[in-house]
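Participant: So the chains spell out like this:
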Amino acid sequence: MSKSGISRPGTPYLLLLPGVAFLFTFFLWPIANLAQTSTQTPVAGGDTGEYEQSLRWQNYIDAFLENKEQFGRSFLYAAIATVAALAIAYPLAYAIAFKAGKYKNVLLVLVVAPFFTSFLLRTIAWKQILGEQGFVVPLLRDLHIIAPSTTLTSSAFAVVSGMTYNFLPFMTLPIYASIDRIDPRTLEASGDLYANGLTTFRKVTLPLSMPGVVAGTLLTFIPAAGDYVNAAILGSPQTKMIGNVIESRFFKIVDYPTAAALSFTLMAAILILVTVYIRKAGTDELV
Amino acid sequence: MRTVSRWFQRNLIRIYAVIAFTYLLIPVAYTVAFSFNDGGKSNLIWKGFTFDNWMNPCGAPEVCTALGNSIKIGFLATLFSTILGTMIAFAIGRHKFRGRSTTNLMIFLPMATPEIVLGASMLSLFLTLKVNPGFWPTVLAHVVFCMSFVVVTVKARIASLDPRLEQAAMDLYANEFETFRRVTLPLVAPGIAAAALLAFSLSFDDFIITNFNSGTMTTFPKFVYVSAARGIPPQANVIGSAMFIIALTVVILGQIVGRKRAVK
Amino acid sequence: MSEKSSIQGDLRLTNVTKSYGDFTAVNDLSLTIPEGSFFALLGPSGCGKTTTLRMVAGLEEPTQGTISLGSTDITYTKPYQRPINTVFQNYALFPHLTIFENIAFGLRRRGIKDVKEQVEKALELVELSHLSARKPTQLSGGQQQRIALARAIVNRPALLLLDEPLGALDLKLRRQMQIELKWIQKEVGLTFVHVTHDQEEAMTMADTIAVMNEGEIEQLGSPADLYDNPKTAFVANFLGQSNLIKGTITGNDGDNHIVDLFGQKISLAKNRSHAVDNSIFAGIRPEKFRISRLATPFSGNVLSGGKIEDVSYIGVSTQYQVLMPWGQELMVFEQNDDAVAPFSVGEDVNISWEAGFTFALRGDEDAEAGTEVNPEEIIEDDE
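Protein chains in written order, with the working numbering: chain A, 310 to 596; chain B, -15 to 248; chain C, 22 to 404.
Honestly, I wouldn't trust all of these hints.
To be verified - Partner residues are not named here, just some residues of chain A that face chain B (Cβ under 8 Å, in silico):
#, residue
1, F428
2, W435
3, L575
4, V585
5, I587
Note that these hints are calculated values from the structure, not bench results. Note that beta-carbon positions come from the ideal geometry of N, C-alpha and C, so glycine has one too.
Can you build the whole structure from these sequences, using the hints too?
Facilitator: The structure is reproduced here in C-alpha cells:
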C-alpha cells in the first residue's frame, strides 16, 4: 500500500540526505568524539588541557566513584520533580480537557506562556520570591509555619521546586493530548454501566491517558536528570547535581576525560532507566 | 451547608486549575512587576515604580548585545532546522524505505540526550578541530536539537493529511510537483509554522548548550545567568516581559486568525 | 463546459489482475464499458470493485493485464495524464480552497482559459451557485457530494468514476441524488462508472451492472437480466432475495425440464437453466410466489404442504416465512391489495407461481453465497 499513491523511488533518500548528514556530523560524530575523550589521560608533563589517547576505561570507574553522591542526588531530585510535576500537571490537563469548553486553546496557551519569558528569568524570579527579600519566607515565618532561621533558597527544596516548575509544561501538554483524545462517549458508557465518577476515572480515563503520562514523565525526567541551572541558582554546594560537576570539569577544573566519562555514564544511566520504564509501561510509539 | 459542599465538589477541579495557573504565572508576574522597579543596577528590592526601564531597555550594558545575539542565533537556527527537519519529516512520513526505523531512532536521540551531553560533546568536537566556540558553533548546536522537534511536529501534521486529497489532485491533472505545491504544502504549512515557532523559542531560551559552545559571546539567557549574582538589571526584566507579551500576542492572534478562517 | 477530451471510446480491461503479496484483490478481470453508458460495479466490501476503479483512474497499477480507452493503452499512464476524473467516497474536497477554486482546480491545471464561465455552469448544474465563495467545511454532506461531482464533471472527462459517492448520505437524500445523477449523466452524455455495494442503487441508476465477488465478475448484464435470470447463487442472493430449492431434473417436456423438488414436481424453461447436469437449485424470487389456502384452485407450478411460520407487515407488502415439508423456510412477499386475505401463523398453505419465473443454478453452488456478509471476512479494499 503506497501512502500517497505515486512516488519516485529515490525521493526519500534525497530528502533525508542533508538533515541526516547534518546530524551525523554534529550529533553522532561529537558523541563519538566525546567517547574517545572519555578514555584519554593527561599528557605527562604537559599543559593543562593536553590529553593523549590511552583507552583508559578506568576513567569511568574513577569518575563514577568520585561522584556517586551527585549521581544519586541527580536522579533523586529528578524523580521527585517528575512525580511532583505529574501530581500538579495531571489534574490541570484534566481540567483543561474536560472543563474548559471554548476556552481550551486559551488555557493551553497560558500553560505554555511562562515559557515565553526566559527560563533563567523565571528561575531567578523564584529565587527572589523565595529569598529573604521576597514575601513568602517572612509570611511563613510570621505564621510560625517555619522556624525563623529556616531559609527556602539554597536548599534541596528550592532546587526540586524549581525543576518541577520549569518542566511543568513538558508534563502537562502530552497528558492533555492523551486525555483530549478520549471519546467522551466512552465515559458516558462507563456511567451507563454502573460506574460512579471515581471508578470511571480509575478504570477508563486513567488507563486511556497513560500514553500521555509516559511521554510526559520521560520528557520531564530526562532533561531534569542532567539539569544544573536550577541547582546553580536555587541550591548550595550541598545540592550539587551531576550536571554541575560536569560543567565545572569542563570549565573550572579542566578535566575533559572525567567530564566526558561522567556525561556518558549519565546518558547510559538515563537510557537504562528509560528502557526499563518504557518496557514496563508498555508503549511503543512515543515519537 | 450541603449545597456549599456540593458546589465545592463539582467545581473542585476548576478551583484547582485556577490555583495551578496562578502558580504558573507567579514568576512571570514577578518579572513584569520588577521591570517597573526603580532599582538601579541591582533589582533585588522594590524601590519604586518607574517607566524609565521601559523607555530605555538597552540602558544596562551588554543587555541589547546579548538580546541581539539571541535573536540572530534564533533566526538562523530556526531557518536551518525547519528546512532540514521538514525534509526529513516528509521522507519519513511519506515513504517506506529501508532504514526508516533507524532514521526515526536517530531523530529521537537528540531529544532523549540530556542537554549537558549535547553541549559537552559539541564543545569537545570543536576543541578537537581547534575551532573556537562562539557564534557559529552555537548556531550549529542549536540546529541539532531543534531539528528533532521540527521533525516530530511536522510529521504529526503530515500524518493527519488525508492521502486522498493528493490523489484527487492528480486525478484532476496536477502532476507530482503541482500536487505538492498546491495541495500538500498549503495543508502542511501550519505544522511547519508551528515547528518554526517551537524551534525559535527553544533556541532563544536555551542556556546549557549555548553555555558550552558560545565562548565569550553572550546570549540573553547567558547574560541573565552571569548577572544573577550581583543582581539582574531591570532592563533584563523589561526584555523578558516584552518577550512574554509579544509571544502571547502572536499566539493569540494566530488563534483568532485561524478561527476566522475556519468560519468564513 | 470544456471540450471533451480527444482520447475517448469504450473502456476495455483485459485480463487485469491486482495482487498485494499473497492477496489477490482483482483476479483476471476482463470488461468492456461502452462509451456513454451508465455502468455499475456492484459487490460486497472487499470484492475488488474499488481496486478496479482505482486502476482505471491510474491511482493503482495492475499487476498484470491492460487497460485501454478507445484505441489508447492507458495501463501505465499517470492519473494526471488520463482524461478520467473521480468522485471520491469521502469527496476529498481541498479544505484550503474555496468551492470555486476546488471546481476550477482541474481546469487550471490544464490551462483552460474561460475558467469562470465553466465553473459557473458546473455550479448551475448541481444547483449550488450560491456557495461558490465558501469553504468545503462549511457545507453539508449532500452539498459536498454535489461539489465533488461538479469538480469532476467540469472537465468533461471521457470517463467519470464514482466511488460509492452516496454512501454517507441519509436515505431520502440518497434517493434524490440517485435520480439527479442519472439525469446529469444523460444530460452531459459522459460515461459513468459507479462503484457501490447497494444493489438497489445500482439497479436504479445503471444501464449495465457487473456483479463482482472476490476479485471476479460473477455476472454482467442489464438490471433486468441480472434480476430475472441470475447465473450464480451469489448474484441470485446479492441482488434482491431468492428462494433456492435443491432439486433434480428428471425429464423433459418440449422446451421445459421436469424438476423434482423433494418429491414434488415443477416445470422449468430450458433456456433459464444454468445447470451443467441434472443436479440443480431451482430459484424463484419471493414476490413471484402466491400463497393459497388448500381449498383455492391454483395454476402454474405448485408446492404444497407449507405452514406459515412468520408474518411481517411492511406496509407495501407482507412478508411470510413458509415452512415446507422438507424443512426449508421459503420467503414470500405478497402485495397488500385486497385480492388476498392476510394469512396468519400456523395456517396450512400451498405456494404457486408462473412457471416462467423459475430459474435454475448449478447444483454445486453454495446456496448461502451473497446472503450475508461475514463480519470477519470484511477486508478494506481501498488500501
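Participant: The structure should be examined with respect to each hint, and the outcome stated for every one.
Facilitator: Cross-check of the supplied hints:
| no. | hint | result |
| --- | --- | --- |
| 1 | F428 | 5 Å, holds |
| 2 | W435 | 6 Å, holds |
| 3 | L575 | 6 Å, holds |
| 4 | V585 | 14 Å, violated |
| 5 | I587 | 11 Å, violated |
The structure does not agree with the numbered hints 4 and 5 stated previously, though it agrees with the rest.
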